[in-house]
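*Asks:* Sequence:
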Amino acid sequence: MEVQDASLTHGFHPMGLDIVPGPVAASQATSDEHVTTPLYTVLAPPSQHVCHLAPGAACADLLLGTVPSIRAHLRNHGHKHKENSVIPCPWAGCNKRLRWMNVPRHVRSVHLGVRVWCGKCGRPFTRERGLEVHLALTNCVTENN
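First residue of the sequence shown? That's 576 in the working numbering, and the numbers climb one at a time after it.
Do not take every clue at face value.
Pairs of lysine to any residue, SDA-like flavour, derived with a Cα cap of 20 Å [what the hints assert, rightly or not]: (1) K657 with A635; (2) K655 with V642; (3) K671 with S684; (4) K671 with G653; (5) K695 with K671; (6) K695 with L673.
For the record, the hints were derived by calculation from the structure and aren't laboratory data. As the structure is a prediction and not an experimental result, all values here were calculated from the model.
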């Protein structure tokens with residue numbers, strides 16, 4: 576599957592696909608389970624993660640590693656706060672205090688370990704913006720060079 580129309584990527588990754596989670600580098604995935612573009616590698620279908628938002632209670636729902644899906648899942652757990660409210664992270668065992676608007680991104684990168692990978696050098700980033708800055712400021716080379 577190739578993504579050729581930039582409008583289909585919403586600026587970051589193809590619709591319906593999740594960004595590579597955890598320590599899987601582009602060079603470690605097999606060609607039939609990933610899509611590589613010049614900027615990132617994605618897996619299909621979206622990766623799923625176990626929810627740890629309800630301390631001491633099991634949540635049977637699996638999380639997709641995307642900020643919108645995490646935000647919706649947080650709402651399903653009753654987390655509704657003003658965007659700038661400073662709250663402790665609702666993830667079991669994490670008491671980091673952060674603004675509510677940053678909680679989904681924090682859960683995605685810290686607790687789910689989702690990373691985006693540079694398609695040129697294979698370097699991982701916790702956010703798409705970090706990858707954009709990397710590509711704009713460096714002349715990275717492929718892993719094999």
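*Asks:* Next, verify each hint and record whether it holds.
*Replies:* For each hint, the structure was consulted:
1. K657 with A635: Measuring from Cα to Cα gives roughly 27 Å; hence the hint is violated.
2. K655 with V642: Holds, because 15 Å separates the two Cα atoms, which is no more than 20 Å.
3. K671 with S684: Since the Cα atoms of K671 and S684 sit roughly 14 Å apart, the hinted pair holds (cutoff 20 Å).
4. K671 with G653: Holds. K671 to G653 sits at ~19 Å (cutoff 20 Å).
5. K695 with K671: Between K695 and K671 the Cα gap is close to 34 Å, so the pair fails against 20 Å, i.e. violated.
6. K695 with L673: violated (33 Å)
The structure shown violates the earlier hints numbered 1, 5, 6.
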